[in-house]
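Protein chains in written order, with my numbering: chain A, -12 to 1099; chain B, 292 to 517.
All clues given are correct.
Quick list of simulated restraints, FRET-style, between CB atoms: (1) B/E485 / A/F314: 43 to 53 Å; (2) A/D141 / B/E415: 48 to 58 Å; (3) B/G433 / A/F314: 41 to 51 Å; (4) B/G430 / A/T412: 52 to 62 Å; (5) A/V340 / B/G430: 29 to 39 Å; (6) B/E415 / A/R212: 54 to 64 Å; (7) A/E628 / B/G430: 49 to 59 Å; (8) B/G430 / A/G330: 53 to 63 Å; (9) A/D181 / B/Y483: 51 to 61 Å; (10) B/E415 / A/G669: 40 to 50 Å; (11) A/T412 / B/E415: 47 to 57 Å; (12) A/T412 / B/N400: 28 to 38 Å; (13) A/D534 / B/N400: 13 to 23 Å.
It is worth saying that the hints were derived from the structure and are not from the lab.
Quick caveat, the model's predicted, so the values are computed rather than measured.
No residue lacks a Cβ here, since even glycine has one placed at the ideal position from N, Cα and C.
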Amino acid sequence: MPSEQLLGNDAIVRGAQEAGVAFVAGYPGTPSSEITDGFARISKAQGKGEGAIAFEYAVNEKIALELAFAAAIAGARSLCAMKHLGLMVAGDPLSTIPYVGVEAGMVIVSAGDPSCYTSPNEADQRHLGPMLHIPVLDPSTPAEAHAMTRAAFDLSEVSRLPVLLRTTTRVAHSRAEVTLGPLAKITVRGFVRDPARYVPVPANARRMRVELKDRVEKARDWIARSGFVRLEGVADDVVLATGAPAATTHDVLRVIGAEGRIPVWRVGAVHPLPERELVEALRKVKRVLVVEELSPFLEDRILALAHRHKLGVEVLGKHTNHFPEEFEYEPHIIQRALHEAFGVGSAPRKRPVMPVISSRAPSLCPGCPHRAAFSAARSAFDEDQLFFNDIGCYTLGYAPPLRTADALLCMGAGFTLAAGVARVTGKRTVGTMGDSTFFHAGMPALLDAIKEDANVVAVVLDNQVTAMTGFQESPTHGGKIEDVARALGAKHVETVDPYDQAATIATFRRARAATGTSVVVVRHPCPVNEARDGTKVRLPAYVADTDACRVCGREGLGLRCEVPVTEGYERNLARVASQRKEREPAPEVAPCASVCPLSLCIQGYAGHIVAGEYAEATAHVMARTVLPESVCRVCHRPCEEACVRGAMNGAEKAPIAINDLKRFVVEWAEREKPELLLPKKGAPSGLRAAVVGAGSSGLAVAVELVARGWDVTLLDASERAGGLLTHGIPEHRLPEEAVAKDLARVLDVVTFRPGMRLGRDTTLAKLTKEYDAVYLAIGAHAPRALDLPGAKPTAIMPALEYLRASRMSATVPTGNHVVVIGGGNAAIDAARTALRDGAERVTVACIERRAAMPALADEIVAAEHEGIFIRTAVRPSGWDARGVWVVPVVGDDENEDDEDLLEAELVIVAIGQNLDADAFARDAVTLDRTPEGLVAVDRNTCATSHPRVFAGGDAVPGERSVTAAMAWGLRAAWGMDGALRGREIADRRSPPAIPSTVVRGWSVDAPFAPRRIAPELDPKLRARSSSEVMQAFSEIDARAEAMRCLMCGKCGNCRACIEALGCPAIAMDATRAQVVVDPVWCIGCGVCADLCSNRAFHPVVATEAHAVKGVP
Amino acid sequence: VSRTQILLVGVGGQGVLTTAQILGAAAHAEGVPCVVGQLHGMSQRGGSVQCTVILGEGAESSMLCGREADLVIAFEPIEALRALPQMGPATHVVTSRTSMIPFEIVYKNERPPDVDAMVAQLREVAGDVRAIDTRGLVGAVGETRTLNVLMLGAAVGAWPAIGADKSGRPALLPLGEGALLEAVRVRCGAKYFELNKKAFELGKTAGSGTGTGTGTGTGEKAVEAR
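Bound-form chain B, shown alone (with noise of 0.2 Å):
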């Protein structure tokens, strides 16, 4: 059975809703059967969110169903390691590397999480991990709220859009970059499209891992690949 299962985290605020939507309505333009869960409750609130993108043929549920994820899309590298349940050794996780320190955290003045060692854990059970320096790159675009853009772009640069693998597996992300930028231009609007465009392609370098210093800033590489 064809089913990809994406999973978007990030904390409430930062577009996970949005970007799933994204990825909906660019499968309903392609074609491709598919299934949002966007459960938000208080999420708009600064709290953590998770949505789904169920990908396939006769997909009815928006849960990840018999299996991890396929696809993990993290806009917070706290919330990818909350993910953890969900994944395992054939997901892909494309990680922000910023992280937004949870108020707890602030509130007990205790030491932040190290993003190293938090995409160390991820490593340990993930298959595939990128971590993207997202800092110096929503700083080249120059607006923050390009952040879910710039990650959606960098899945598609790390896993590209369309065709099976070698092991045939189906694509992780089995949607035409052309559909995926038109349903941004929809859904955030033609006034930001210039911004989110290159927000996508600024990631989708980052993410393929060939674009290291770009505009990152901070000395570091702009992705890790294991």
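Next up, chain A with everything else stripped away, as it sits in the complex (with noise of 0.2 Å):
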């Protein structure tokens, strides 16, 4: 007869062909998928018809079970084919068909994975043989594995049971020589009516018991001259080998030169065992060495006949030590233990160690539809959501980055898992598993799921194929998902393809925020599968811009990113860049961090709070934020002026809450880690600087000199630090043991020296003799007069001397009627605090008109939310005795006679302050000023025309804010540096860059997010007390705000496309610093483009596919 060379799986299909089988059923699963996949293409190639082989992939392996059966009944001879895990699915009919009995010959092949190669699980299913009483054939190599598969159907019609053809991976897997036979002809009987015979009630299923036992013993006797079971040999030691090992075991033996010195026994056919025939074969040996991998079945066989029989032969194996329970048997492993058992051949040589190198995987393909679902998913769930996975390409989803899976056990588990975990802690969670696996076994789950309302997210993953073993067709085909899902009463079923990041996203966003069983099919067909049959024309590949790939735009003004980013951020990343519809490039700085006086990256504060990432996000508030508590209330929000989503259309037109943003993270470190906030002390320098003044601008200047390594004295004309933070601003806004913490933070560091004046008590003269240099930062305290002819009401007082006087609890004038001319903070500050002092009335009146108002826009509107009146665009005109006179301005125009008399027994006046001219008057060291009599100052440096003295603060030309004080001083602190120690080392670390006056827009659409708001006191209960108005975030609102965030900014460091997307086509380039696309794996999917916030990947060539998709 000819020979052919055949795998293992593909001789089990020629050998059935050669016993005529007529039926075959099977689910694919590795290692077992060739066996049906063989029978699929003869059946195509047969057609249906008289003669020709029935085949069907069935929905799960029950099923295939199940038909086999009914086939072999109705007289065919039928064959079903599955991994070991399958035929466990198959259990309940397994265990009655021995019972029923077959008609025609029924074969099963359940391929067993020693090692677990492809499983979760080597369970040895030899077992199930005497549990169930089903002769077990186990052959050792391709050729045996042909042989026993013809003869199986003759030991099942004899026996009447069906016969468990039993491989491993390596049986199922090995290519060798098969001697073929002839092909035999299909017959089929057809079913003979018979009750009694095949239906298993109890009074018949007792009587097919009794039955039972005379079959199995002519099993016994079939494979006693079945010639499967050779004893063949006699010395003192034998081997006794099954399986795969039996082969090894031979060719050990042959390469060790201890051929024929050492018989080897080779049982294939495990169940029912040939006993009398082994009990003879015993009695003449001294010393069996059992060689089987995984449970010591047939050992513990052999040691139950030498028991019984009295037999004295030695028993080796497992309880032994000379095997062990686990993994296939490597021939090293059976070479080791002949040499121990019978001391033949040498020990197995000693192998080289192999080298510590990086595992390789095997992952998901690139352009994997699996893989751009589930980085949706966890772009779109929080980062703490648990998935659960199922059985299929999809598992490898465990993998990072990609991680979603946070337990799985077998096909159809995804859903049952997240439904249970759901039930009892009451958090929604993710199932997941592909179309086929649904069809298997999802369904049930998913009944089951919607029945009790579980609250989980059921996600099937239809790429339309079983790809993971082979490609087979899926039943997905036949019938939608969807409808399936609703005819199960699923009531909320969406479907989206995965390649739409944006879309994928915000489906799953909607199902994160349902409740009850949701159903989500994320359908993309598998590109891989696509390939194969060469219909689908290849998309062009992508490639990485350098100009723009972790490109930070920042870098260009000098600022370095001290922030790693994470994963968690890369997700939010890639969130808000997929759902970005952008009309224009995006600028290279985010407009928010453009105008921020202190350079703080802010969306990467936000970022790290939608990733739940606090310690991060403070170390972004960090980098170069001085006083926390303070700038998070009090700072004037450029930035929030700035913010892209202010300026977009329609109804989400309000800009992300990035002070309470901020406060939430200040707030956050307070709590879990407040060594965040403490300043960083850096190697002494030898250097020593005084600082004049301890408001914010000299405390910056002092915890920035003091991490640049300087030794810092810090002087005040005021007993108390603090400056405006503690004079000039009220507590509703800033409260006091807020600035407490800021300042001892700051005081811990620095030699602070109370009651010092400058022109008073020191002079600039002394302390550059003193110090190795000074800056200045007196502020600007003289009020600007109010000069109005007219007699003068009750009281008249500076804005700054009024709050001050309140914050100290000095006594202050009052009324019942209170004005305040200004248009500014200050102005706003005095009123509201004039209404906690008990005013009645109280008015705000300022030239600019409404929107020109200096004040914060959330000041004016709390204060008149609590009673203030807000006279806008009037001139103070004129003093009386019971208040001030105004005239109304409308531009340049103005109407003497609409002169209108504002009542007031009080008059704060709130239209700025100068410099205190004394502080220099006997000075012998003398600063350059300018026309208006500030310090003049180099603006990048804060260089004054003294080469040590540095100024900044409200004592130089420029705006007049807490927060831009503080930049002041962080730039003085380099410029000190600089000039003490030069460039090189003070670049060592960043000052802020000069905030951009001109705010560059960006044309950008993105899904609608309403702006989360800050909780705050109510106006009624406030207005009388001195509590803090504005309250921090809470977290489920710091999140949703942050989640707001754009991420307008490029950013330097991030690698989203492997950290969030993990695509194998994406690699670091040779100096790690940017990626670079695989032209050869890339197969143009295009969702690294769709996820890169710094879009930075492009097509190599645009082609109509991409133009449609939007891609540039």
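Two chains, two frames, some hints: make the complex.
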């Protein structure tokens, strides 16, 4: 007869054909899949009709087994094939089929997997034989598999039992020479009605049970004569081997030159054993080494036989520690056992130790729609979301970075695990499985979830093929999963293409927000399968643009990123980038960051808040923030004015609540990691600085100089540090204890000398002698006077003086009616304070129109809510004993006729302050001044006309705000370091850049998200209380608000394409600075381009397909 | 006992399985008894793949029995290194120098292993190591998927296919070139045969060490032999 080289699985197909198999069903599962694939090919070639093999990929193994049984009782030889796990799915019918018995031969091929090459367990199915009264054949080579399959049909018919042909990966996937026999003709005898035989009601079942014994004995006799148990050769020492290790033992003995000296008894049929023949053979030997993988199945039976028959043979194997009970036996294991048991050959050579090298685990293919789906899911759900996965290609979602398998069990359990965990934890969970798995065992699981209204998102990853096991057809072509889900009662069912990341993320977000059982069908055909038939035209590969990839626009401003990105951060970047619809290229620097006086990376902390990574968010805030508690309350928030979301059209025209996010982070750090808020101390430089003025600017320069290794002495005219923070901002905006925390941290690292007023207690001449450098931050405290004609009212007071007195609990003038002149923050602060100090009616009168008032808009609104009247566009025109006269101003026109008296017992004047002239009056060191009398400085370095004197804050020209004052301080420290230690050392820490005065917006669209409003005290209650009005965001609100951030700026550290998407076609370049795309592996799916926030990926050649998708 | 143990290693998608089948088919055609082990599992998805080809009378198992591999054909140097436990002084290794960086290294942003260092590690264990600069050669063929046939050619070029060497050891590849190429034609399709034949020839020249500079394009020698 001819011979052919066949794979073990193909040998089984051939054997069955030679036995005239008429019906085959199975479910693919490695390492059995080539069996069903083989019959699928044959069936396709033969077509339907007389003499053709009937074949089907069954929906699951239970159905395959039942169909094969049905064929067998209808007189057709049948075979079903599956992996060992699948046979357990079919456990119910399997346990009854032997009772009922078959008419024509029925062979069950079940492929085991020692070493768990492709399986979650390596269960030893041989035990099913004695457990269920099923004969078990265990081939050792493809040739034996071929012969056994052919003969198994006879065994089945002789005993009327189904026969289990148990293979292992080694046999199934070895290719060897097989001698072919003739193909047999197919005959089908037909079903003969005999209910007593085929209906196992209890009365019949009991009869069948008794008959079973006789049938098992028939099988035993057949096996004894089959030639599959060959007890050949007699010696003192013999090996008894079964399955794949029998072939390995044979080869090892040949290679070590011991062939023939140690007979190898080949036991290819392991149940029922030909006991009589075995006992006779064992009588003649002294020692038998049992070689079998996994459990001591045969070894235990040989031991029992030896005991029952009082044989003297010594049984060696697992119980004698010659062999392990787990994993496939490699030849060196068998070689060692032979050597140790019988002294033959030598111990296996010492094998070279494998160097430590990176593992190369299988991964989802480039362009895999499952990866796109998982990446979107991770972006759409929170970082702590639980995912339950299932059996299929998508199991690989377990690996980093996708990590979408928190638990996994078996086919169909993705939904049940999710539902069960949701039920006991109360958390909404996600279960995922593929289309084939859904039909296999997922439908009942989904029905159960729907029935119980389980709080789960059930995701079906429909790639329209059973790809994992070799691209077998999936029942998905026959029925829409959505229709099934709806028919099962699902109310929330959505479908999405994972290549559309924005839609997929949005769909997952909706499913996340829903309650009960949501079904999301994520559908995109497997591109590998599409490429297999050659119909699909390959899309162009993508390239990474080196000008955009990992390039931070802020680097151009001399800023370095000190906070590493995290996967959670990158997932947020990916989410936002996917959902942004850009009408023009993004600005290099996010508008918010470009105007921030402290040059904070605002999207940096927003992104980490979304990811729940508050320590990283704190690091971003603290990169250049000195007084965090104060800044997060009183910053004038130019960032929010520049925010792109604030400039977008429609209902969402509201900027991100950036300062509230900052406050959330600072309060988190106070609670959880206060050390993150502490000033850093640099290595001592030996340099000493005097800082005159302990306000925002002086405190900032002090902290920054300490970080640069300077020794700092801080002087202030007042007894208490803090400047305006302590004396000038009312408690309802900035509580005492918040300032105290900020001050304590700073004063801990400097020498503080209170009560030292420049010009009175010390001079620049003195300080420049004692210190290496001096920073002048004395502020502007001389109030501008309001020079008006007329008799003055009872009390007139400058705003700062008023606020200071009120804050220090000194006696302040009060009145039923109070008028505040001015439109800035000091005016609003004074007005609100007056209300709290007991005034009945408070009016703010300012020359600006409402929109032009310098005060923070939120503060103006809050004042109005408290009952304060804002009189805009009026100029004070004269004093009066009863108050102050004002005239309306419209543009440049004033109408004297409409002059109006604002009645007041107290008028507070808030129209600005000048530098205190006394400070420099008698100083030997003189500094250049501006025409306005302020100290003239270099804007970058804060250098004055004296080489070692620097100045900033309100004492120099520029914007007057707490945050701007701090920025002056930080820049001055850099300037001082540069002047005294050189630029190179100074540049080790980057100062904030000069904020941009022109905000470049960005025309972009994004899904609507309402601004979260931080809680505030009820205006009725708060108007008479000094309690802080604004409260901090809750964690939920902070994360929701941070999610609104569009992450406009380019990121220099992002590797989202690797660390969020995990596409294996993307790697780092040789310098590991930027990413590169492997053009051979890239299939052009474009998902990386969707989620790249820097927009660095472009197709090599633009095609229509991409034009449709909107990829540039 | 005449038994040649060949180990083929590479990355899923590089054609390890196909090459094992080509060797098996050539052996079948030449009447050389042969067992091929093609454990693949999830290998299609970019994982490590190892296949064995056992040639010789009476072999039943597809595993490397009793001693190290006689011949290792490695389509990728990291995978060659992974096969180090299967190597010994009698092992002949022909490996591609073109490494494919495992995702784990990219993900952790670690430095990829140095190819020269890897080849040196192989030489510490294996008796004869040929490292082929395949990048340029594959470029000269114009089709990356011919890498496996190119490496097969390199093995043939390095240790000529037929006949025993001076020590009397059986030939590493007791298979005729004609049979190998015919198996390539059948397995890979007539459409790609000319490309594959070119790859085989380029590989053979490179493997023999005579084809220095053959289209390598990198300035490196096409082959370095010990």
